[in-house]
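First to last, the protein sequences are chains X and S. Residues 30 to 450, numbered by this note's numbering, are exactly what the first sequence covers, in order. Residues 89 to 567, numbered by this note's numbering, are exactly what the second sequence covers, in order.
Bear in mind the hints are in silico, worked out from the structure with no lab data behind them. Each residue gets a CB set at the ideal place from its N, CA and C atoms; glycine is no exception. Please note that a few of the clues may not be correct.
To be verified - Under 7 Å between C-beta atoms, here's a sample of chain X residues computed to sit facing chain S:
1. LYS120
2. GLY138
3. MET142
4. GLN144
5. ARG157
6. ARG169
7. ARG260
8. PRO373
9. GLY374
10. GLU375
11. ALA378
12. TYR379
13. PRO382
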Amino acid sequence: MNTYGNRPLETAYDVVVVGGGPAGMAAALGAKKQGAERILIVDREKEAGGILLQCIHPGFGLQHFKEELTGPEYAQRFLGQVLAADIQVAKDTYVLDIDGQRRVTLMSGETGMQQVQTKAAVLAMGARERTRGAIRTPGRRPAGVLTAGLAQKFVNLMGYLPGKRAVILGSGDIGLIMARRLTLEGVEVVGVFEIMPYANGLNRNIVQCLQDFDIPLHLSTTVVDIQGRDRLEKVTVAPVDSHFVPDLTRSWDIDCDTLLLSIGLIPENELSRQLNLRLDPVTQGPVVNSRMESSQDGVFVCGNVVHIHDLVDFVSAESSLTGEYAGLYATGQQLPRDNIRLIPGENVAYCVPHTISSDREHTVYLRVRKPLEKSVLRLGEVYEKPLRYVFPAEMVNLKVRPRFLHQFHGDALKIDVLPGE
Amino acid sequence: MEVYDVAVIGGGIVGCAIARELMRYSLRVILLEKEIEVGFGVSKANSGIIHGGHHSSPDTLKGKLEWEGNQLWDALRDDLDFGFKRIGEITIALSEEQIPTLQQIKAQGEQKGVPGLELWETEQILKAEPHLSPNIVAGLYAPTTGVVNPYEACFALIDNARLNGLEISTKNPVLGLDYREDVWQINAQKGVIYSRFVINAAGLFADQIAEMAGVGNFKIYPRKGEEYLLDKRLNGYIQRVIFPCPTPVSKGILVIPTYDGTLMVGPTAEQVEDKEDLTTTAAGGQRVFEAVMQYAPGISPRDCIAEFAGLRPVADGEDFIIEPSSRPGFIQVAGIQSPGLTAAPAIALLVLEILQDSGLALIPKDDFIAKNPPVIRFASLSRTEHMTLTQEHPSYGRIVCRCEGITEGEILAAIARGAATLDGIKFRTRAGMGRCQGGFCTGRCLELLSRELGCPIPALTKRGGESWIVRAREEVLNR
Numbered sequence: 030m031n032t033y034g035n036r037p038l039e040t041a042y043d044v045v046v047v048g049g050g051p052a053g054m055a056a057a058l059g060a061k062k063q064g065a066e067r068i069l070i071v072d073r074e075k076e077a078g079g080i081l082l083q084c085i086h087p088g089f090g091l092q093h094f095k096e097e098l099t100g101p102e103y104a105q106r107f108l109g110q111v112l113a114a115d116i117q118v119a120k121d122t123y124v125l126d127i128d129g130q131r132r133v134t135l136m137s138g139e140t141g142m143q144q145v146q147t148k149a150a151v152l153a154m155g156a157r158e159r160t161r162g163a164i165r166t167p168g169r170r171p172a173g174v175l176t177a178g179l180a181q182k183f184v185n186l187m188g189y190l191p192g193k194r195a196v197i198l199g200s201g202d203i204g205l206i207m208a209r210r211l212t213l214e215g216v217e218v219v220g221v222f223e224i225m226p227y228a229n230g231l232n233r234n235i236v237q238c239l240q241d242f243d244i245p246l247h248l249s250t251t252v253v254d255i256q257g258r259d260r261l262e263k264v265t266v267a268p269v270d271s272h273f274v275p276d277l278t279r280s281w282d283i284d285c286d287t288l289l290l291s292i293g294l295i296p297e298n299e300l301s302r303q304l305n306l307r308l309d310p311v312t313q314g315p316v317v318n319s320r321m322e323s324s325q326d327g328v329f330v331c332g333n334v335v336h337i338h339d340l341v342d343f344v345s346a347e348s349s350l351t352g353e354y355a356g357l358y359a360t361g362q363q364l365p366r367d368n369i370r371l372i373p374g375e376n377v378a379y380c381v382p383h384t385i386s387s388d389r390e391h392t393v394y395l396r397v398r399k400p401l402e403k404s405v406l407r408l409g410e411v412y413e414k415p416l417r418y419v420f421p422a423e424m425v426n427l428k429v430r431p432r433f434l435h436q437f438h439g440d441a442l443k444i445d446v447l448p449g450e
Numbered sequence: 089m090e091v092y093d094v095a096v097i098g099g100g101i102v103g104c105a106i107a108r109e110l111m112r113y114s115l116r117v118i119l120l121e122k123e124i125e126v127g128f129g130v131s132k133a134n135s136g137i138i139h140g141g142h143h144s145s146p147d148t149l150k151g152k153l154e155w156e157g158n159q160l161w162d163a164l165r166d167d168l169d170f171g172f173k174r175i176g177e178i179t180i181a182l183s184e185e186q187i188p189t190l191q192q193i194k195a196q197g198e199q200k201g202v203p204g205l206e207l208w209e210t211e212q213i214l215k216a217e218p219h220l221s222p223n224i225v226a227g228l229y230a231p232t233t234g235v236v237n238p239y240e241a242c243f244a245l246i247d248n249a250r251l252n253g254l255e256i257s258t259k260n261p262v263l264g265l266d267y268r269e270d271v272w273q274i275n276a277q278k279g280v281i282y283s284r285f286v287i288n289a290a291g292l293f294a295d296q297i298a299e300m301a302g303v304g305n306f307k308i309y310p311r312k313g314e315e316y317l318l319d320k321r322l323n324g325y326i327q328r329v330i331f332p333c334p335t336p337v338s339k340g341i342l343v344i345p346t347y348d349g350t351l352m353v354g355p356t357a358e359q360v361e362d363k364e365d366l367t368t369t370a371a372g373g374q375r376v377f378e379a380v381m382q383y384a385p386g387i388s389p390r391d392c393i394a395e396f397a398g399l400r401p402v403a404d405g406e407d408f409i410i411e412p413s414s415r416p417g418f419i420q421v422a423g424i425q426s427p428g429l430t431a432a433p434a435i436a437l438l439v440l441e442i443l444q445d446s447g448l449a450l451i452p453k454d455d456f457i458a459k460n461p462p463v464i465r466f467a468s469l470s471r472t473e474h475m476t477l478t479q480e481h482p483s484y485g486r487i488v489c490r491c492e493g494i495t496e497g498e499i500l501a502a503i504a505r506g507a508a509t510l511d512g513i514k515f516r517t518r519a520g521m522g523r524c525q526g527g528f529c530t531g532r533c534l535e536l537l538s539r540e541l542g543c544p545i546p547a548l549t550k551r552g553g554e555s556w557i558v559r560a561r562e563e564v565l566n567r
């Protein structure tokens, strides 16, 4: 296998991490911290770092490193730590499967196939972008309709531009970042169109990527037609009503050769499906306990595989902890079982993890369904706290401390985010 | 002056099947295609069904050729190595009133000699297809129905024809035709071609080609069909092709488990004006899902990962037109709508008969190579085969398309067989056809195409013409 430092693979590991992006690297370091010795990260690209490598803009690391870094810098810091910790990284290597006994079959273009045994596995494959098919935009299928992430790869890694005049559908963060990136590259960005009545990306990206460049953001508006025989020539956009039905009488045409889609990410769970892990229909990622362990013993999951995160810093925090639990598992250290189920209640789309235990502190990540100006987060009858403005694009973190649960003897807690005074 | 024996105009499934059949004989044959690759027109966008043989009346040419063609697909697959399997079909009745229609179709099939047709009751249908609605009152089962990757079949036919000496000229639309001194002069975009015989297999444009030849006595009307592909998660959810009970105007909206296992629902049937109208519509999508959910209630528009539209070339009178024209040496093969894919191998045989009757001598070649070299499909090999293959050819150990598990080796082989575009790779290997729809593999496919064809990345296209993928920085800045 093609590894950093060209070290041949062992036949057995304490922890094998699938995916060398921010989640995988943080998990490997976490496992090391808890005493796991032999750790392998497997990445299918030519270099570890994942999608961070094409995110050449700044804004990463403010929470984790307390300074502002670009994506590649953030990745390099982690890779430096990984290699310094004597963690092996196989590049250009693909995990074909993991079986019930946690035998991992690896394949590489350089050395063919190889099987390794691991005590614990961490799945950190990240996410993929939703495509045109998922939203079923009518019209033709010319070249020039692509996801914002693919455009980012063209521009930042391959050195090409996707076109000359672009429209962006969806206000996800990658789309906002690309609106600015393309403008800086000399591509004319006509506007960003968002079907929801609110933006789907972080506020700082709306300000720094759109407002600072006078790129209009059209809320409650979507693309209703795509035209062009070979290459995209024109899109039609129209406002939508509160049920997302477009008002075609108020539509207008925009000449453009490029349509970027930034309409959300979906956890990449091919391996999880192969392993028959239980999946959450809302997150589309595995159901996890408070140790970030999936429905299968010894198989841990972290990062965008589990649910989509807003900031890489949160991915690192969650994954580092996941790695620690995987390390504990691999070194045979037992933890108390979870005794409380968390149930997404009023205005809560999902929460991760799906269960917790009353013996220690947990960070629970959740997303609301609808924006609320002022709200209150309620954890069953045991705890409540006021929240400022909440909206679906921003993940809410809830620290659940053991003292909240002193008086609680049930086995399930509902989490609600209700309108507050 | 170089004179071909036969020039085939049109590289769809029909043109490809005719060309391959002609190459069995000592003939000089050329195939002209207006698009950048064969199979990029009607043949790329259809339901991919090899019809059972019972659906159309034996009194029509298409009804006759449907059943004859059906029986030829196994041998073609065995020789040429493309995806085809007989998965069977059930035509369902949702009310008692529809049962006589099923009985009539059964009788019609039996008259043609289609074996194995059975009328099933609800219980038997649900046992075979537990995800169909219990409201179905009866069904007609046909074991002869199959599914094929239609574009793969085109590529396999043309690969074999080329192996046996076919000349092919792509990106070369025909602009005019003249008949002088017993020879046809074809004025094509890239130059003049002379041929004793001309086959008009130009699909949607067969009426225009006939017009150019001075034998334009029919019109081709495009009839659009929209199809919707569902997520891989539903693979196996339905295992046979499901037809609703047909009405006089349409075969209805079907559920089709494609050769690769992906469920597809469609097609609509809508008369359109424009022969390039490949738009999908909100109304079409709604119609498809509403119709399917009546008999397969678990299927939902949420499962859709991709959609496309195709056009059926329909001639006046609805039947195939396969006949010599009023001018010598010019043969019409037009109006090949459904079940044209099914019938294609039989159409090829019929065209050879017509050619022979028109004076073309068919002298078999002793060195005809019937079989294509096998195509390696990594995802369908066993673990042991993976081991051996990746040791011998490391490029098969490098996955390029994650969703479908397609390796670099397969992509390089596809380029070597003639793939010149992203769609050419996609339709030969499935790279880019999965859930992410090319989000991850497009960059790598472009790099491989560029390297192998010696063509800069900005000059590469999705499917020829103006379908460029990226621009060089300088080009954008100097606009």
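Hint-by-hint comparison with the structure:
no.	hint	in the structure
1	LYS120	violated (11 Å)
2	GLY138	holds (3 Å)
3	MET142	holds (5 Å)
4	GLN144	violated (10 Å)
5	ARG157	holds (5 Å)
6	ARG169	holds (5 Å)
7	ARG260	holds (5 Å)
8	PRO373	violated (20 Å)
9	GLY374	violated (24 Å)
10	GLU375	violated (24 Å)
11	ALA378	violated (16 Å)
12	TYR379	violated (17 Å)
13	PRO382	violated (24 Å)
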